[in-house]
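Q: Residues per chain are reported as follows:
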Amino acid sequence: MKVLVNGLIALVLGVSSLTAAVGATSSDRARIVLQVSDDDPKKWNLALNNARNAQQDLGGPKNVDIEIVAYGPGINMLKMDAVTANRVSDAIKTGISIVACENTMGAQKIQKSDMNPSISYVPAGVIQLMRRQQQGWAYVRP
Amino acid sequence: MKVLVNGLIALVLGVSSLTAAVGATSSDRARIVLQVSDDDPKKWNLALNNARNAQQDLGGPKNVDIEIVAYGPGINMLKMDAVTANRVSDAIKTGISIVACENTMGAQKIQKSDMNPSISYVPAGVIQLMRRQQQGWAYVRP
Amino acid sequence: MKVLVNGLIALVLGVSSLTAAVGATSSDRARIVLQVSDDDPKKWNLALNNARNAQQDLGGPKNVDIEIVAYGPGINMLKMDAVTANRVSDAIKTGISIVACENTMGAQKIQKSDMNPSISYVPAGVIQLMRRQQQGWAYVRP
Chain A
0 MKVLVNGLIA
10 LVLGVSSLTA
20 AVGATSSDRA
30 RIVLQVSDDD
40 PKKWNLALNN
50 ARNAQQDLGG
60 PKNVDIEIVA
70 YGPGINMLKM
80 DAVTANRVSD
90 AIKTGISIVA
100 CENTMGAQKI
110 QKSDMNPSIS
120 YVPAGVIQLM
130 RRQQQGWAYV
140 RP
Chain B
0 MKVLVNGLIA
10 LVLGVSSLTA
20 AVGATSSDRA
30 RIVLQVSDDD
40 PKKWNLALNN
50 ARNAQQDLGG
60 PKNVDIEIVA
70 YGPGINMLKM
80 DAVTANRVSD
90 AIKTGISIVA
100 CENTMGAQKI
110 QKSDMNPSIS
120 YVPAGVIQLM
130 RRQQQGWAYV
140 RP
Chain C
0 MKVLVNGLIA
10 LVLGVSSLTA
20 AVGATSSDRA
30 RIVLQVSDDD
40 PKKWNLALNN
50 ARNAQQDLGG
60 PKNVDIEIVA
70 YGPGINMLKM
80 DAVTANRVSD
90 AIKTGISIVA
100 CENTMGAQKI
110 QKSDMNPSIS
120 YVPAGVIQLM
130 RRQQQGWAYV
140 RP
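Chains as they are written, first to last, in numbering that gives the first Met the number 0: chain A, 0 to 141; chain B, 0 to 141; chain C, 0 to 141.
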């Protein structure tokens, strides 16, 4: 009888942790990864507008995680002398993550010294976009 | 003993509802949200073709939920005088949801009286795209 | 008592299979579906670069499933005489799946004899993109 009761308790604990795991993948928390892969300042500004508006509409960075991943021809958005340089730095100050693809930088022989000093880096933009989706982030390509 | 049996019953009911929840997130039902964010009538027609073909191929609206979200420069697709106005109205009659982003409308000073009267509205297009993905809808950006 | 024990065993087995099902949808395995829907050789090469880099960075085809779905104006990428024909054939040899949308081919009166002989086909590109996401694949539109 005691064995049975212990078994039941273990089972209930198991089901509880399973519920927690399911909760994590169903992603109640707002999380958005935005892709920038065009060499087009209009798209860069649209992505920055999307990030800012989503953050404001959802009540600030405590309520939503936002990341912009720039790769391929979109890498120019994150250069030091890009027309969007100030907006990129300002967005990072509000808690938006903005990352550049090191694969792209290697292929285009771009150095970190060419880049906006406030950004972060990922080894491969496409893999970052995949991992974020696997972690339950929504994907939006402006 | 009776306690144990009641516990088991509760547990079985708990597991059943958990299974139902998992089933909901694994989204067996066909659900597609299409994004329109380009000011390009070719893209508007492509999105409308995608919606119509997916609905027909899957056996009609009883088998699939389809929504088109227009925001940013894509908002023009849903104006009253857009070249796609008739196609938009026809798509809505077949059960396709077509929604405009009120954030974009505010930024561009567009009134509802400028818009196709058959469409619906969401406060923020990007947040709608996120919520749909969290609900298990597939995302396609034509 | 024996009934109870059998019930518990059945329950444990049930929970185990449920855990397996949840594991499958949380998609630990790397799986990426890339969409090509632009009539733009730069986008075609970007998609092929993305596929190749993701495969190499993740340690080869044993570690990642990659599929490129071409539809709409993107169908031209997969024609026999496309500028990317050799790259498409080479990618397929490395284990990347590349599929053309038969709906698009019908609408544009394209025959299979016009197409790169190494590719595969799906009835509808958009439905393929939906199914892959439902199966846990990440979606990337270069």
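Accuracy of the hints is not assured; some may be wrong.
Said to hold, decoys possible - Result set (DMTMM-like, lysine to aspartate or glutamate): computed pairs, CA atoms no more than 25 Å apart in a straight line:
1. B:Lys41 with C:Asp38
2. A:Lys108 with C:Asp56
3. A:Lys78 with A:Asp56
4. C:Lys41 with A:Asp64
5. B:Lys41 with A:Glu101
6. A:Lys41 with B:Asp56
7. A:Lys61 with B:Asp39
8. B:Lys41 with C:Glu101
9. C:Lys111 with C:Asp56
10. C:Lys41 with A:Asp56
11. C:Lys41 with B:Asp38
12. A:Lys41 with A:Glu101
13. C:Lys108 with B:Asp56
14. A:Lys41 with C:Asp39
15. A:Lys41 with C:Asp64
16. A:Lys111 with C:Glu66
17. B:Lys41 with A:Asp56
18. A:Lys41 with B:Asp27
19. A:Lys41 with B:Asp38
20. C:Lys41 with C:Asp27
21. C:Lys61 with A:Asp38
22. C:Lys61 with A:Glu101
23. C:Lys78 with C:Glu66
24. C:Lys41 with B:Asp89
25. B:Lys61 with C:Asp56
26. C:Lys111 with B:Asp56
27. B:Lys108 with A:Asp56
28. B:Lys41 with C:Asp39
29. B:Lys111 with A:Asp56
What the hints assert, rightly or not - Short, incomplete list of chain A residues facing chain B, as computed with Cβ under 10 Å:
30. Ile31
31. Lys41
32. Ala53
33. Met104
34. Met114
35. Tyr120
36. Gln134
37. Gly135
38. Ala137
39. Val139
40. Pro141
Don't read these hints as lab results, they were simulated from the structure.
Yeah, the Cβ is synthetic: ideal placement off N, Cα and C, and Gly gets one too.
Q: Next pair to validate is Lys78 (chain A) with Asp56 (chain A); report whether the Cα-Cα distance is within 25 Å.
A: violated, 28 Å
Q: Once the shortest beta carbon distance from Ile31 (chain A) to chain B is found, is it less than 10 Å?
A: Holds, about 5 Å.
Q: With the threshold set at 25 Å, check whether the alpha-carbon distance from Lys111 (chain A) to Glu66 (chain C) stays at or below it.
A: At roughly 32 Å apart (the allowed maximum being 25 Å), Glu66 (chain C) and Lys111 (chain A) break the hint.
Q: Mind checking the CB of Gly135 (chain A) against every CB in chain B and telling me if the closest is under 10 Å?
A: holds, 8 Å
Q: When you check the alpha-carbon spacing of Lys41 (chain A) and Asp64 (chain C), does it fall within 25 Å?
A: violated, 33 Å
Q: Against chain B, with CB atoms and a cut of 10 Å, does the hint on Ala137 (chain A) hold up?
A: holds, 4 Å
Q: Holds or violated: Ala53 (chain A) as interface residue toward chain B, Cβ cutoff 10 Å?
A: This interface hint holds because 5 Å falls under the 10 Å limit.
Q: Is Lys111 (chain B) within 25 Å of Asp56 (chain A), Cα to Cα?
A: holds, 21 Å
Q: At a threshold of 10 Å, is the proposed contact between Gln134 (chain A) and chain B supported by beta-carbon distances?
A: Where the cut-off is 10 Å and the nearest Cβ of chain B is about 12 Å from Gln134 (chain A), the hint is violated.
Q: Compare the distance between the alpha carbons of Lys41 (chain C) and Asp89 (chain B) with 25 Å, and conclude whether the hinted pair is satisfied.
A: violated, 35 Å
Q: Check whether the Cα positions of Lys41 (chain B) and Asp39 (chain C) lie no farther apart than 25 Å.
A: Satisfied, since the Cα-Cα distance of roughly 14 Å is no more than 25 Å.
Q: For the pair supplied as a hint, Lys41 (chain C) and Asp27 (chain C), is the alpha-carbon distance within the 25 Å limit?
A: violated, 31 Å
Consistency note: the structure conflicts with the earlier hints numbered 3, 4, 5, 6, 7, 9, 10, 15, 16, 17, 18, 20, 21, 24, 25, 33, 34, 35 and 36.
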